[in-house]
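Chains A, B, C and D supply the protein sequences, listed in that same order.
FYI, in numbering that gives the first Met the number 0 the residues of the first sequence are 0 to 431.
FYI, in numbering that gives the first Met the number 0 the residues of the second sequence are 0 to 393.
FYI, in numbering that gives the first Met the number 0 the residues of the third sequence are 0 to 190.
FYI, in numbering that gives the first Met the number 0 the residues of the fourth sequence are 0 to 121.
A couple of the hints might just be wrong.
Unchecked claim - Below 20 Å or equal to it, Euclidean Cα-Cα: the simulated EDC-like pairs (lysine to aspartate or glutamate) are:
hint: 1; chain 1: C; residue 1: Lys187; chain 2: A; residue 2: Asp402
hint: 2; chain 1: B; residue 1: Lys77; chain 2: B; residue 2: Asp344
hint: 3; chain 1: B; residue 1: Lys60; chain 2: A; residue 2: Asp402
hint: 4; chain 1: B; residue 1: Lys197; chain 2: B; residue 2: Glu164
hint: 5; chain 1: C; residue 1: Lys187; chain 2: D; residue 2: Glu93
hint: 6; chain 1: B; residue 1: Lys314; chain 2: B; residue 2: Glu300
hint: 7; chain 1: A; residue 1: Lys406; chain 2: B; residue 2: Glu65
hint: 8; chain 1: B; residue 1: Lys259; chain 2: B; residue 2: Glu300
hint: 9; chain 1: C; residue 1: Lys188; chain 2: B; residue 2: Glu225
hint: 10; chain 1: A; residue 1: Lys77; chain 2: A; residue 2: Glu47
hint: 11; chain 1: C; residue 1: Lys188; chain 2: B; residue 2: Asp211
hint: 12; chain 1: B; residue 1: Lys290; chain 2: B; residue 2: Glu308
As the list claims (entries may be wrong) - Among chain C residues calculated to face chain D with C-beta under 10 Å, some are:
hint: 13; residue: Ile83
hint: 14; residue: Lys160
hint: 15; residue: Met161
hint: 16; residue: Gln163
Note that these hints are calculated values from the structure, not bench results.
Beta carbons: idealized from backbone N, C-alpha and C, even for Gly.
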Amino acid sequence: MPNFIMSYLDPKVTVTPGSAGNQFWALMYVLIIFAGVSVAVICMNWIERKALAHFQVRLGPMRVGPHGLLQPIADAVKLMIKEDIIPAEADQFVFWIAPMIGLLAAFTVYTVIPFGPSEAVSDMNIGILFMLGVSSLGVLGIVVSGWASNSHYPLIGALRSSAQMVSYEVAMGLAVVSAILMTSLNASGTGTLSMIGIVQAQQQQGVWFIFKFFPLGFIAFVIFAIAMVAETNRAPFDLAEAESELTAGYHTEYSGLRWSLFMLAEYAAMIAVSSIAVTLWLGGWMRPFPNLLHAPAWDFIFSLFPGLTFGALAAITFIEAARMPTQSFFKIQRIGLAVFAALLGFIALLLLVIAVAGRSADMSVAARFREGIDYVYWFVLKVAGFMYLFIWYRATWPRYRFDQLMKIGWKVMLPISLGVLVVTAIVGVIFS
Amino acid sequence: MSDRTSDALNRAPSDVDRSNLDLGTPDKTYLDSNELIINMGPQHPATHGVLRVILKLDGEKVLGTECVIGYLHRGVEKIAENRTYTMFNPYVDRMDYCAAVSNGLGYCEAVEKLMNVEAPARAQYIRVILTELQRIASHQLWLGTHALDIGAMTPLFYTFRDREEILKIFERYCGARLTTHAFRIGGCQYETYAGFEKDVKNFLAFFAPKIDEYEALLTTNRIWLERTKNVGVISGADCIALGVTGPLLRASGVKWDLRKAQPYAAYSEFDFEIPTGVNGDTYDRYMVRMKEMRQSMRIIEQAVSGIPEGPIMGKVPKVIKPPVGEIYHSIEAPKGELGYFIVSDGSTQPYRLRVRPPSFVNLQALDLMVRGLLVADVIAVIGTIDIVLGEVDR
Amino acid sequence: MNPGMSAGLNSAIDAGMAPVGTPWFFYVLAGLAVASGVAVITRRNAVHSALALIVTLLAVAGLYLMLYAPFVAGVQIIVYAGGIMVLFLFVIMLVNIDRSSKERQFNRIWPVGLLAACALLALFVSAIAKGKALFPDRMMTLPESSNTQQIATMLYGEAGKMGQYTFAFEIASLLLLVAILGAVIMTKKKI
Amino acid sequence: MEGRAGTPGAPRTENRALRTMVPITTLHYLVVAAALFVLGVIGVLTRRNVVIVLMSIELILNAVNLNLVAFSRMWGNLHGQVFAIFITVDAAAEAAVGLGILISFFRNKETINVDEIDLLKW
Numbered sequence: 000m001p002n003f004i005m006s007y008l009d010p011k012v013t014v015t016p017g018s019a020g021n022q023f024w025a026l027m028y029v030l031i032i033f034a035g036v037s038v039a040v041i042c043m044n045w046i047e048r049k050a051l052a053h054f055q056v057r058l059g060p061m062r063v064g065p066h067g068l069l070q071p072i073a074d075a076v077k078l079m080i081k082e083d084i085i086p087a088e089a090d091q092f093v094f095w096i097a098p099m100i101g102l103l104a105a106f107t108v109y110t111v112i113p114f115g116p117s118e119a120v121s122d123m124n125i126g127i128l129f130m131l132g133v134s135s136l137g138v139l140g141i142v143v144s145g146w147a148s149n150s151h152y153p154l155i156g157a158l159r160s161s162a163q164m165v166s167y168e169v170a171m172g173l174a175v176v177s178a179i180l181m182t183s184l185n186a187s188g189t190g191t192l193s194m195i196g197i198v199q200a201q202q203q204q205g206v207w208f209i210f211k212f213f214p215l216g217f218i219a220f221v222i223f224a225i226a227m228v229a230e231t232n233r234a235p236f237d238l239a240e241a242e243s244e245l246t247a248g249y250h251t252e253y254s255g256l257r258w259s260l261f262m263l264a265e266y267a268a269m270i271a272v273s274s275i276a277v278t279l280w281l282g283g284w285m286r287p288f289p290n291l292l293h294a295p296a297w298d299f300i301f302s303l304f305p306g307l308t309f310g311a312l313a314a315i316t317f318i319e320a321a322r323m324p325t326q327s328f329f330k331i332q333r334i335g336l337a338v339f340a341a342l343l344g345f346i347a348l349l350l351l352v353i354a355v356a357g358r359s360a361d362m363s364v365a366a367r368f369r370e371g372i373d374y375v376y377w378f379v380l381k382v383a384g385f386m387y388l389f390i391w392y393r394a395t396w397p398r399y400r401f402d403q404l405m406k407i408g409w410k411v412m413l414p415i416s417l418g419v420l421v422v423t424a425i426v427g428v429i430f431s
Numbered sequence: 000m001s002d003r004t005s006d007a008l009n010r011a012p013s014d015v016d017r018s019n020l021d022l023g024t025p026d027k028t029y030l031d032s033n034e035l036i037i038n039m040g041p042q043h044p045a046t047h048g049v050l051r052v053i054l055k056l057d058g059e060k061v062l063g064t065e066c067v068i069g070y071l072h073r074g075v076e077k078i079a080e081n082r083t084y085t086m087f088n089p090y091v092d093r094m095d096y097c098a099a100v101s102n103g104l105g106y107c108e109a110v111e112k113l114m115n116v117e118a119p120a121r122a123q124y125i126r127v128i129l130t131e132l133q134r135i136a137s138h139q140l141w142l143g144t145h146a147l148d149i150g151a152m153t154p155l156f157y158t159f160r161d162r163e164e165i166l167k168i169f170e171r172y173c174g175a176r177l178t179t180h181a182f183r184i185g186g187c188q189y190e191t192y193a194g195f196e197k198d199v200k201n202f203l204a205f206f207a208p209k210i211d212e213y214e215a216l217l218t219t220n221r222i223w224l225e226r227t228k229n230v231g232v233i234s235g236a237d238c239i240a241l242g243v244t245g246p247l248l249r250a251s252g253v254k255w256d257l258r259k260a261q262p263y264a265a266y267s268e269f270d271f272e273i274p275t276g277v278n279g280d281t282y283d284r285y286m287v288r289m290k291e292m293r294q295s296m297r298i299i300e301q302a303v304s305g306i307p308e309g310p311i312m313g314k315v316p317k318v319i320k321p322p323v324g325e326i327y328h329s330i331e332a333p334k335g336e337l338g339y340f341i342v343s344d345g346s347t348q349p350y351r352l353r354v355r356p357p358s359f360v361n362l363q364a365l366d367l368m369v370r371g372l373l374v375a376d377v378i379a380v381i382g383t384i385d386i387v388l389g390e391v392d393r
Numbered sequence: 000m001n002p003g004m005s006a007g008l009n010s011a012i013d014a015g016m017a018p019v020g021t022p023w024f025f026y027v028l029a030g031l032a033v034a035s036g037v038a039v040i041t042r043r044n045a046v047h048s049a050l051a052l053i054v055t056l057l058a059v060a061g062l063y064l065m066l067y068a069p070f071v072a073g074v075q076i077i078v079y080a081g082g083i084m085v086l087f088l089f090v091i092m093l094v095n096i097d098r099s100s101k102e103r104q105f106n107r108i109w110p111v112g113l114l115a116a117c118a119l120l121a122l123f124v125s126a127i128a129k130g131k132a133l134f135p136d137r138m139m140t141l142p143e144s145s146n147t148q149q150i151a152t153m154l155y156g157e158a159g160k161m162g163q164y165t166f167a168f169e170i171a172s173l174l175l176l177v178a179i180l181g182a183v184i185m186t187k188k189k190i
Numbered sequence: 000m001e002g003r004a005g006t007p008g009a010p011r012t013e014n015r016a017l018r019t020m021v022p023i024t025t026l027h028y029l030v031v032a033a034a035l036f037v038l039g040v041i042g043v044l045t046r047r048n049v050v051i052v053l054m055s056i057e058l059i060l061n062a063v064n065l066n067l068v069a070f071s072r073m074w075g076n077l078h079g080q081v082f083a084i085f086i087t088v089d090a091a092a093e094a095a096v097g098l099g100i101l102i103s104f105f106r107n108k109e110t111i112n113v114d115e116i117d118l119l120k121w
């Protein structure tokens with residue numbers, strides 16, 4: 000095997016491929032993350048429709064594949080086949096580039112997000128700054144798409160949603176600053192902007208930042224959680240596509256594949272922003288109580304979780320397959336579901352085997368593999384929690400009016416985040 | 000576009016005539032007037048049917064509105080003049096199609112009063128039960144669509160699931176769900192089917208916790224409060240001046256409900272309260288309607304348990320020829336006071352039949368309530384007035 | 000350049016600067032910056048030139064990364080591309096002046112302007128050509144990993160000692176405050 | 000095309016391709032900055048649309064920033080970079096005020112051509 004592939008694989012290297020200067024593995028990580036996010040977006044699409052349906056006392060998609068499992072694929076194919084209409088005298092180039100900007104902004108954030116101490120594309124030492132900068136580029140995609148559609152309502156919708164994103168970006172930035180402030184409360188007195196550094200700071204201080212100086216970390220976290228919902232135009236702040244007012248906001252004139260790019264960008268931005276919240280406040284890839292229960296026995300128990308979760312999923316799918324009606328036309332769906340259950344069961348088995356094999360303390364490949372899986376599992380579990388919150392918000396909350404939304408952004412969130420920042424600083428100086 | 004702004008826009012700026020600009024005073028009209036006149040409807044997702052509202056906006060604030068109606072005008076009152084009294088009965092259900100039973104009750108009672116015939120007690124009890132069930136169904140439909148306009152998607156599915164139970168009872172009783180044609184002049188057409196009382200009792204038991212579900216979802220919902228408190232405020236005096244009736248009037252603090260003020264059917268035999276609001280905003284109207292649903296359940300309970308035996312049809316001749324004269328009779332429909340003014344010339348067909356629909360009158364209050372609010376509130380206010388275009392246009 | 004792995008490499012490369020990544024990155028970014036710079040001043044439509052300016056800003060941010068200035072690159076992306084350009088696009092759309100793109104874009108005396116600019120360019124080139132000897136070829140090492148911390152110490156000082164630029168930094172925030180007030184007062188119709 | 004960074008200390012004889020390419024010096028950055036500066040000046044002098052003029056000024060400020068950071072890299076200290084941040088702050092303030100003037104002017108005169116703005120008092 001050529002040197003540059005193997006050089007990164009030996010266990011002694013504990014640096015992300017980007018900072019190890021290994022372009023090949025950096026590319027590998029980019030592809031893995033891109034595929035991972037796409038699969039996550041597809042699952043998110045299905046889960047959102049089903050969960051929203053069950054909130055609203057209905058079944059959600061049931062017809063395309065067993066329990067609507069093939070519905071996202073059907074949607075994707077439909078959107079690809081659908082005609083891609085460009086409105087008359089719209090600005091072709093700008094109309095085409097707008098979703099690209101949105102998508103670019105949503106996905107470049109992932110180069111910075113740490114799934115593990117070395118499982119990130121690159122560990123920039125300005126990680127958070129890069130993240131804030133790129134997420135502010137997303138606004139441009141929306142503004143330009145509104146303008147390029149060359150009609151009245153999308154323009155107003157675009158201006159509204161970009162004004163909303165810009166004002167909540169300020170509150171979000173300040174909440175992030177108070178989290179970074181907490182990283183600097185160590186012996187050396189200098190914090191770090193790099194995302195991996197932040198999680199390691201939480202590890203050293205032995206507390207997730209959401210629980211540090213209890214009310215303060217939590218308030219900053221809540222402000223970030225609200226700002227991130229507004230940043231991605233979701234749930235109570237989804238004013239841009241408020242049907243009852245401005246038809247469908249900035250992406251009214253888009254159709255077919257171009258429209259699906261906007262949806263992909265929205266979901267990717269949701270996952271990106273919640274993974275930043277997880278990294279900053281919920282201790283990124285750390286499993287719960289890493290310092291409290293760090294005996295190897297506990298490590299082993301916690302490393303069984305991935306296998307158990309997949310096992311549970313496999314069991315549920317298998318029961319559903321058994322409970323499906325037995326008429327002839329359901330046969331294919333039953334088989335399909337059973338195969339899916341078998342696949343999940345196989346993954347569960349694989350994870351359990353790795354967990355058991357990796358128990359040996361030496362730095363064998365299995366142990367490194369098991370650690371990697373644990374990191375990614377706990378990270379993804381926390382992000383999934385946030386995703387469910389997004390859906391829950393959408394089911395229960397009515398929509399804010401635009402002026403209320405701006406009032407909250409500037410008059411409530413900004414002062415509180417400033418206050419939290421100042422108080423955290425004071426408390427930090429006193430205690431360290 | 001108002002002429003001033005439109006011609007200024009399409010004239011190329013380089014040849015802007017400077018004549019009106021004597022150098023001393025800047026042309027004020029440009030500075031502050033960017034009034035916009037936009038059209039909401041008739042095909043707008045939030046105008047509950049084919050209502051067209053012309054909004055005069057200053058930026059986002061509403062300066063004034065003008066409702067254009069008539070898109071659903073079918074000339075029901077003219078048709079009535081060449082239909083016999085019994086033939087016209089089904090037309091009445093098509094006016095306020097969300098509360099068809101109440102329309103039928105109003106019409107039948109008006110004709111009975113004209114002929115001074117009294118429906119038997121059992122028929123009156125059946126009429127009260129069905130009308131109150133219809134009131135709950137109409138309020139459910141209002142809550143679902145109103146919450147959806149303001150952005151809450153979930154109540155719509157809860158309310159429609161529960162409304163289904165009421166429609167099942169109607170279907171078992173008179174064969175139709177929406178345009179029920181449940182009553183006849185002089186009483187009821189159909190005897191109650193075998194399990195009628197049991198079904199109604201089951202519904203009451205089923206619905207009691209459900210209404211708490213709606214309240215749990217919305218009443219203390221921060222964003223719901225923010226979107227409804229102090230929105231579309233109208234005072235009691237303005238309501239009376241505009242002739243506004245029903246939940247709008249009661250939410251502004253005026254305790255006026257025809258079921259208590261001018262008791263008809265068997266309402267005098269039941270005890271129930273009339274919920275009223277305090278400051279007449281969208282939230283109070285929401286609370287008034289929710290309490291009304293609870294009161295309707297109380298009425299139904301008393302009516303079902305006390306339903307008397309006896310005939311269901313009064314002594315009414317086969318061909319109805321009311322004596323010469325005119326009559327105005329009004330009942331408390333879910334949206335407000337629904338009145339029938341019938342002039343009879345002794346023949347089998349009414350000389351003139353005028354309907355006073357509550358939605359039509361309540362819609363006048365839209366302009367007063369919406370002035371100074373934002374566009375998003377116009378939708379919330381239209382929802383809270385609870386208009387049905389079939390009744391507005393007739 | 001990965002300081003972590005091979006700190007010694009710097010001394011190995013004596014002549015010239017070891018830019019991050021390979022030299023052809025520089026040519027790509029520089030070419031992109033100049034090309035979109037030309038697009039900014041030649042496009043008829045204001046939104047197109049705004050997009051071109053965004054491309055220029057991002058290209059220059061890339062150049063900063065090559066010059067071991069990640070913090071300045073981050074600030075550039077946030078403040079310039081994310082903030083100021085959104086402001087520009089807002090104004091272009093609010094004031095919907097694309098209607099004016101139908102008229103003449105360049106004023107009548109554009110040759111004079113061009114001439115003056117070429118004279119300026121000649122001046123620059125001669126200055127660079129003559130001064131080539133002035134620039135020392137040895138490049139001091141600039142640790143990339145602690146760039147942010149060092150800027151922070153220069154701006155805010157450390158351990159009680161006032162930094163060199165702390166006073167200037169406070170005045171900059173004052174400048175921003177004045178700018179905000181000015182912009183608000185000018186654009187609000189009714190104060 | 001990785002090679003170079005991964006081989007600590009070894010003389011870089013085997014990367015023949017890189018040796019011929021002139022390593023990037025500060026002069027390269029000065030040339031690029033000068034080009035951007037000149038483009039900005041052309042934009043300011045020749046364009047009639049005020050927004051494009053403001054954007055050209057942004058170009059000029061960017062060129063200055065690039066120069067500062069290049070010199071900061073050359074001298075190995077961070078004064079240049081700190082100053083670049085100050086210039087970015089100033090550019091933001093200047094853009095806000097410039098666009099403020101533009102909006103209030105457009106609302107009066109319906110035009111944003113530099114030639115039309117010829118009244119000292121509107």
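Taking the hints in turn, this is what the structure says about them:
no., hint, verdict
1, C:Lys187 - A:Asp402, "holds, 16 Å"
2, B:Lys77 - B:Asp344, "holds, 16 Å"
3, B:Lys60 - A:Asp402, "holds, 11 Å"
4, B:Lys197 - B:Glu164, "holds, 13 Å"
5, C:Lys187 - D:Glu93, "holds, 18 Å"
6, B:Lys314 - B:Glu300, "violated, 29 Å"
7, A:Lys406 - B:Glu65, "violated, 30 Å"
8, B:Lys259 - B:Glu300, "holds, 18 Å"
9, C:Lys188 - B:Glu225, "violated, 27 Å"
10, A:Lys77 - A:Glu47, "holds, 18 Å"
11, C:Lys188 - B:Asp211, "violated, 48 Å"
12, B:Lys290 - B:Glu308, "violated, 31 Å"
13, Ile83, "holds, 5 Å"
14, Lys160, "violated, 16 Å"
15, Met161, "violated, 14 Å"
16, Gln163, "holds, 8 Å"
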